[in-house]
Structure formats: C-alpha cells, structure tokens
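Engineer: Build out the structure end to end from the sequences listed, making use of the hints.
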Amino acid sequence: MSALLNPVRAFIEALGDVLVRLGLLSRPRARRISELAWPRIVTGLARMSKATADVAMVGTALGASAIAGVGYGVPFWTMTFMIGGGIAGGTISLVSQRYGADRHDEIGMAIFVSAGLALAATLPLVVVFWVVPEPLIRLIGTGEAAIQYGTDYLRVASLAMPFSALNLIASRALIGADDARTPMAVRAGGAVVNIALNGVLIFVFGLGVVGAAIGTVIGSVGGCALFAWGLTRGHLPGLGALPLRIDWRARWWDADDARHLLRISSPLALRKIVQNGAQFPMLAIVGLFGPEVVAAYVVALRVRALMNTPGWGFGLASSSLVGQALGRGAEAEAKTFANATFRFTVAAFTAVAVVVFVGATPISRLFVQDAATLGVTADLVRAACLSVLLWGVMSGGMGPLRASGDTKWPFYGQILGLFAFALPVTYLGATTPLGLWGLYAALVLETGVPAAVIYYRYRTREWLRISRTYRSAAVGA
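All the letters of the sequence shown, read from the start, carry residue numbers 416 to 892 under this note's numbering.
Accuracy of the hints is not assured; some may be wrong.
As the list claims (entries may be wrong) - DEER-style ranges, computed between Cβ atoms: (1) G621 - G744: 56 to 62 Å; (2) T647 - R442: 34 to 40 Å; (3) L781 - T751: 38 to 44 Å; (4) T884 - R446: 31 to 37 Å; (5) D785 - T847: 24 to 30 Å; (6) G774 - E521: 46 to 52 Å; (7) V615 - G653: 22 to 28 Å; (8) P652 - E559: 46 to 52 Å; (9) R648 - A835: 46 to 52 Å; (10) G614 - E521: 43 to 49 Å; (11) D785 - P422: 31 to 37 Å; (12) D785 - T647: 49 to 55 Å; (13) K750 - V546: 46 to 52 Å; (14) A745 - E549: 53 to 59 Å.
These are computed hints drawn from the structure, not numbers from a lab.
Yeah, the Cβ is synthetic: ideal placement off N, Cα and C, and Gly gets one too.
Structural biologist: Structure representation (structure tokens):
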C-alpha cells in the first residue's frame, strides 16, 4: 500500500527510520514493530474517528446539549466495553505465548474461554442499561435536554456491548498471532461504514442521538459476524489465510485457562473500569462549571482518545512480540523488543501531541462554533496534548507487563492518579478561584501519575520473573 494511500504507515515507517539513524532502534526491529503497529493504529483512528464523528454530527444537528448528552451516556456503555478490553488483554497474553511456543492446539481454548467470560460480564449490564437508563444518567447529568439525549443514546447503544467485547477478543487473538491486518480491515472498514450510516440516520432520517447509537450497534454486530466467519473458515475473502482457525467441535471451557485468564484480565479490566468509571464523578464535577464547559471537556476527551491511537498499535505490538519471545523462553529478546517498542511509542506520541497542540483552535472549531465555548475547548485540547504525552509512557510500559501477566501495578497507578489527584484537583477548580486551571491540571495528572507507576514497574523487570513462573506452571501441567 503506497504512502499516498496509507499516510499512517508512511508516518510510522518514517519515524522508525529517524530512530534508526539516531541509534535508538535497529532496522530489523523497527520494521517488525512497524508492521504490527500501523494496522492497529489505522483501526484505532477509524474507530475513534467514528466516535468523534458521532459527537460532531449530533452537535451539528442538535447543539451543545446533545454533545453533553452523548458524553453522559458514553461512560456507561463503554464500561462493559472496558470489561471486554480487559479480558481481551488477557487473551493476547495467552495467545501470543502459545503461538510463540508452537502450542497452537491450545489457542482455540483461550479464545473460547475469553469469549465466555466476556459474555458473562456484559450481558447483565445490557439488561440494566436498557431497562433503567434515565436514573443512571441523572446520577451525573445536568440539564433536562442533555439528560434525555443521554438516556436515549445509552438505551440503544448498550445493545452493542457484547458484540464489541467479542470483536476485541477476536482482534487481540489475531494480533497475538502476528496478524494485525485482518483486525484492521474488519474493524476499521466497519468504522468507516458506520460513519456513513450514522450520517444517513442522523441527518436524513432525523434520528439524532438514537441514529448514532443504532449505527454503533449495526457496526458491532457486523464486525463480530465477520470475525466469527473468518476464524471458523481460517480465511476471509480478500484478506487471505488467517494464522488461527477455531474448531467449534472442541471443548469450549477449561477451568485452568479460565483461572489464569482471570488472574491476568481482572486487574486490566478493573483498571479500565476505574479509568472509565471515574468519568462519572468527573462529569458530575465538571457539570458545576456549566454545560458549555461540559461540552468542551467531552470534545477534549474525544481528541485525546484520537491522539492515543498510537498507543493501541505500539502497546499491542509490544504485547505480541514480547509475549511470543517469552513463550519461546527468549528473555533477552523480550527485553530488547520491550525497550525498542517503548522508545518508538514515546516518539510517536510526542510527534502527534505537538501537531495537535499547534492546531488546537481549528480542531476545536470542528466541534463548536460559539466563541465562548471555542476558547475553553481549545485550551482543554492543549491540556489534553500534555496529558497524552504521559499516556505514551503508560502505553510503552504496559505492553511488556500485559504480555507477561504482570497487570496489578497499572491498576494501582490508575486508582492513585484518578482518585488521589485528578478528581480532587477538578473539584478544587470548580469550587475555588483555581477555576479551569484545575481541570487542565486534572487532565495531566490523570495520566501522569499512572505513567510514573507503570514506568517504575516496567524498569524493575519483575514482569520477566512473573512470566517465568507462568511458563513453569504451564510446562508442569
């Protein structure tokens, strides 16, 4: 694919060349990391662009109250998405190590167990969010119009949760087996179709926030169906053979796999739940600033999520490459890939943050038009740029920890950053003359504190010992 058609790949490969010339990476490792990272970054950009387009389209059609309403609804339905992501983090650890150790006959069981746990976690919450969305939105929402928009959005969007979780598990399994392009084609292609579908539902049929939610559900179901078809047949039309193929006649459950997956996934899921769950009190506190600031804050979070897409690519590339090396017992190779991917990750985040910081005002103008809201939005986007630099450190350190199963410390760091720093500082901003500076500082502290914790744990190399313990137990079994 040419650079003209794939600027993301061209950017990643060019950045890798710069790092090679600076002596920070070897060319073979830069090429290997790039090949796994860029498809996942394209996927992340497409999916985050879809979420960002939702906000922009409902804002254009219905105004700031609709943006705030979607902002109130998103943390609820993404709560179960975060659970699925935590479980999928365990999936890539199991699959990559088994793939690296040539234990291919055990990979299907890891996928089945992961899917079962994801469904068990998400289906009950779908029922809750469908039946009683309004009381939940009122816990954090302000303004009757925004609350109604949030209620309508959450009720319908909740139906996407189980399918989103299953999509994540299939995607992580394939990435763990060195295939990042198939997940890119399925999930990024689905996101592009989703954006077009949402445009029709919102503007042509006038369905507003419900149209955005319906598009999310259709996209999630379609992606899940494609993954199931491809993993069953071992290939997808136009994409070729897949490295994995599951046998539906095999056993669907293994207690040892379930216990090991829960040990790895529980801290990952809890970290994501804490990270996402903190948005409830955060939005309630931000609501004290008024609906315009809430809308600006929601936009800043969307932009930050877009800037975080390099972390998706490099973090999962690190987990896959480090996990495969650990599966072979090649600890020196695992450390080398971990260090190389860390440098690559931080460099990519720095480049993206600088560009967005410079263009904060025109980027903000894509979402809001009135002068008062525009100024606050641009300032929050600049604070998000500083925040995302530290997110790069988090992503670079998380890959090896996730690959080895050392997942508790990131959870501890997330709790510390959110509840001991970000939330209190936001409240001070809302109730003292500190004002909006409290909100700017909270965005930085939210990522800065866990980044410090994760980096410390990464540098201790304790994750190598934890992986060694798992491999010994697996051989003994």
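Engineer: It remains to establish, for every hint, whether it holds in the given structure.
Structural biologist: Hints versus structure:
For the pair G621 and G744, the beta carbons lie near 60 Å from each other, so the given range of 56 to 62 Å is met. Range check, T647 to R442: Cβ separation about 38 Å, and the 34 to 40 Å hint holds. Taken as a hint, the range 38 to 44 Å holds for the pair L781 and T751, whose Cβ atoms sit roughly 41 Å apart. Distance hint for T884 and R446: a CB-CB separation of about 32 Å, consistent with the stated range 31 to 37 Å.
The beta-carbon spacing between D785 and T847, approximately 26 Å, falls within the hinted interval of 24 to 30 Å. Between G774 and E521, the C-beta spacing of about 48 Å keeps the proposed range 46 to 52 Å intact. For V615 and G653, the hinted distance range of 22 to 28 Å is satisfied, since their beta carbons lie about 25 Å from each other. About 49 Å separates the C-beta atoms of P652 and E559, a value consistent with the hinted range of 46 to 52 Å.
Taking the beta carbon of each, R648 and A835 are about 50 Å apart, inside 46 to 52 Å as hinted. Roughly 44 Å separates the CB atoms of G614 and E521, a value that falls within the hinted 43 to 49 Å. For D785 and P422, the hinted distance range of 31 to 37 Å is satisfied, since their beta carbons lie about 32 Å from each other. As the Cβ distance of D785 to T647 is approximately 51 Å, the hint placing it in 49 to 55 Å holds.
Between K750 and V546 the beta carbons are some 50 Å apart, a value that agrees with the proposed interval 46 to 52 Å. Range check, A745 to E549: Cβ separation about 54 Å, and the 53 to 59 Å hint holds.
Every hint from the earlier list agrees with this structure, and none is contradicted.
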